[in-house]
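K.L.:
Could you build the full structure based on these sequences and the hints that come with them?
Here are the chains, one letter per residue:
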Amino acid sequence: MSQTTDVKQISRRNFLRVSGLTGTALFLGFYFPASGKEGKVVAGADANELGIEMNSWILIDTNGKVTIVDHRAEMGQGSFQSVPQIVAEELEVDLKDVNVIFAQGNQAKYGSQITGGSSTIRGSYKNLLNLSASAREMLIAAAAAKWGVPKSECYARSGQVFHKSSKKKFHYGELVVAASKLEAPKDIVLKKPSDYKLIRKPLHRRDSPLKTNGEAVFGLDKRLPGMVFAAVERNPRLRGTIKSYDDTEARKVPGVKQVIKVKMKVFQSYREGVAVIANSTWAAMQGKKALKVEWDDSSFEHLSSDEIYSRMKEALNTKEGLSFKSQGDVNSVIQQAQNKIDVIYETPYQAHYCMEPLNCVANYQKDKLEVWGPIQAPDWVQDFLSKEMGLAKENVIINMTFLGGGFGRKAFLDYPHEAAVISKEIGAPVQVVWTREDDATQGPFRPGVSYRCEGVIENGEISAFKVKLAGQNIGHMDGGGKDKPNDSASEGFVKHYFDSIKNLSIQDVPFETPIPIMWWRSVYASTNGFAFESFVDELAIQAGKDPLEFRRQYLKDERCQLLIDKMEEISGWKNRKKNEGFGVAITECFASTVGQVVKVSKDVDGKVKIDQVWAVMDCGWYVNPDIIRAQVEGSIIMALGAATIHEVTFKDGLAEQKNFYAYQMPRITDAPPIEIHIMENSADAGGVGEPGLPPFTPALTNAIFDLTGKRIRKLPFNLASV
Amino acid sequence: MITLNVNQKSYKVDVDPNMPLLWVIRDVIGLTGTKYGCGVAQCGACVVHLDGEAVRSCVTKVSRAEGKKIVTIEGLSQHNDHPLQRAWQEIDVPQCGYCHSGQLMSAAVLLRENPNPTDKDIDAAMAGNICRCGTYLRIRKAIHLAAEMQRKGK
Amino acid sequence: MKQHSAMKPTNFPLKTITVMAIILSVIGIMTTAFKARVSPGGNPESSKMKRDSLASVQAFMDVYKVLMSPRCMNCHPAGEAPLQGDDSHIHIMNVQRGKDGTGLYSAKCSNCHQPTNVPGEHTPPGNPKWQLPPGDMKMVFQGKTARQLAMQIMDYNQNGHKNKEQLLEHAHDTLVKAAWNMGEGRTPPPLTHEEFVAAWNKWIETGGYAPAE
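Protein chains in written order, with my numbering: chain A, 1 to 722; chain B, 1001 to 1154; chain C, 2001 to 2213.
Everything labelled a hint here was simulated from the structure, so no lab data went into it.
Since the structure is predicted, the reported quantities are computational estimates derived from the model, not experimental observations.
No residue lacks a Cβ here, since even glycine has one placed at the ideal position from N, Cα and C.
Far from chain B by the CB rule (all over 12 Å, computed), these chain C residues:
hint	residue
1	Ser2088
2	Val2197
3	Asn2201
A few chain C residues facing chain B, derived, Cβ under 10 Å:
hint	residue
4	Ser2110
5	Cys2112
6	His2113
7	Pro2115
P.N.:
If you want it as structure tokens, here you go:
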């Protein structure tokens, strides 16, 4: 085995260029064998020898400069802080001394990079801890060998290895050549959480200062020499094609250089458009406005919201669905019941409205394509563009910038594809900028889902629990099997309910429209949570039970019980006063359980106002409590908007809301006080970025029921006119 | 040719006088801290100071800025140390961070005109700036903290 | 909603009320004429005025239609926030009048409202003088009956201290005219500007009578 680290070879793989490292370096990362999920720790030298495409999460050069790679997107959820915070803990380096860079898209190197499903920490932390501890042990071993002392007499701190008795020390840079010749240790003992110095501490985010002076480079801020700007007039109905277009006026706009027809793949169709290329974003946008395009939209239905929702209702009232989960005998209990709850909940379509509208920079040169953008899934983009553009994967380089919001939309592949197509066509680097109106109206959207909930209470207990949902299935967009129920049919519903509700049925009534749909923060939990946890509340009321106590009765799992205790404690649930409405909801999403209590009352004008939100997060092992709090705060505000302010409606197949004036947002004046508690336990890590969203809406509407006796079953609703 | 004074530096730009200041700053001058969010003065991501006022550069023609002092987020302070910037960092206000150039530029006018703002004053000053990540509670907290730092001369 | 009821008794010439009451009771309208206070700038009770309560009230009803249209009323709100849109909803950014009517802090009118309209729908309409009436002279239109509004306009202490000439001139003010040029997608007032000026002049020239409640 060759034991030298070949800097040139690594350089070809783009490591050095992006990290700015000098000299021989220790690269340490994982090799993800095709066969299994478990990554294997390898040093760069071994990887080169084995011919493995190795990721390099940790790079230390001979000057001791440490670079940690963030393999996931930073879209506000904090990976740029939390990934290095994990690595620095076991590596024993000071966070202030390390450099953090974003990984390029490469699944072979980094495993999955899709920043979705709240998976950055829960999907990577064990590997990262092992990797960092391995690096530390290799550096300690190298120092011990140099001093000729046992490893046990040495320890690492702040990027240095010390010899306990002699107080001799090396900084890591002095050890990397020797360490890179060692094999990665096999048995690593990780720190106990009680010994953590960085993990579980509310450390400041390292991107905060970059985001207070304009320094952070978002996709829209990327600039390349010779770069031009493009705006594209696309058919707002996904599946249409161009019949004809007239670019005479567009070409007259000062600054416009070129007008070309383009198309990009959106799921299984190609969305067509006319791109205006110009020397500034504004000129491109002016040119786009001056285009006259005639579309052919004749091959598919143009639905309006009324039709969509009446069809859903019709389906729910007349059809049984594909069974997602069935236990006991629900139907016979319901048929024989004297008294049953049978209600429909409706949730709207939503758009993502990231503050940074979609955009992408592409530079297609000869047989090589490099892309920069606000990209949630760089590995997917690499795979996809390699296929679509007919390029070898190593010639497709995907760079993540900071993302001005993602929420699921930027995990999609269409906008990088379009930028690549345009760059190839015009032979120049290009930044394609979506106008807010493009971003708002073209989808894909969060699907609106309707639910029929039927339940029976006998002797104060749930004797039947049946939920049917009708809503578009995201899995179908890429041609997923239509004979199977939506695999997220109960996403959001705490799985421990399954242990205690004997007769239960969850079904998916197939429902299709031509409207493009995809993930939106917390995905189906964002709508399921409302239906399931409102329904549980209705059952509790029917049973004559306290809604929190009712949940305690049905969620017997120990973590759930502790969560409920904490909710009861911090919200003062037992000391509720007259004229106050209290509502509770507990949901499970991406391996975390969050419970929220909302308190409402009426203001002097008799309008309902939110006085306080309490949230308890059980996400198991966690990194940075302040980031978790921020994510829960943000999730609650986002849920508040979706519950009480905005929705996407369709008329003649077109989204009606084009900008913030129609799709209004919660503002600072709408934000209620929020108190957050994080549960401490030794469970595996769960998600953080999304699970705080689903329980808010049902906790709010349950609180409104408690205050007013009015049950809200359709979103969004106007808080001021309840 | 239009002469602009941005962050105390003079720029001569050859652009259509109707071009919004936002795009001149971003695409012509090359200062990208000021953001595009909506293009119709709805979101506040594009706020810059024009003779000290928090104008929305996406609807402000560059011709209006001629002869005036323009300050962008890059020029709010020399060393990222305006009391608001320090408070934003101390409280870790930003999540995605995209709207915060505008949030800070709006808050800076509030703090200049009212060194001791109440929650109601903050509402009046900041309700025009949208944050999709929902950092509002921290924005409020950070403005109070910045006011305190400013009062104590920190 | 707060109603301004500060109608000064001294503004109602008793004799006129009595006479007019007799005449107008026939056609079922109760009107009130009143004189704009004599100001240093001139004498509104000049000999040119041809008092005609019926014509005056009719003219004001046209004026009233315009003043209560969203294009005028939205910036003469009852509260401290301007209104927006054809449905006159409260301005969505919580903008406030401020002491001088130009907004507060980072939410000043001219931060978004430019000297001219911004092209396109749902963009801020523009005017070099864009503002609300100031805090000490709110000139509220919203919620006012025709009678209340007419009396307010003719009251020197409530109309921005305008005498008759200044009132007549006001119909040509750039901000008043902006109501007829408020950018794409906004319904103009129900009369043209010329029709409005004619009605306005007629109302004032015939005595500035206020309709009955």
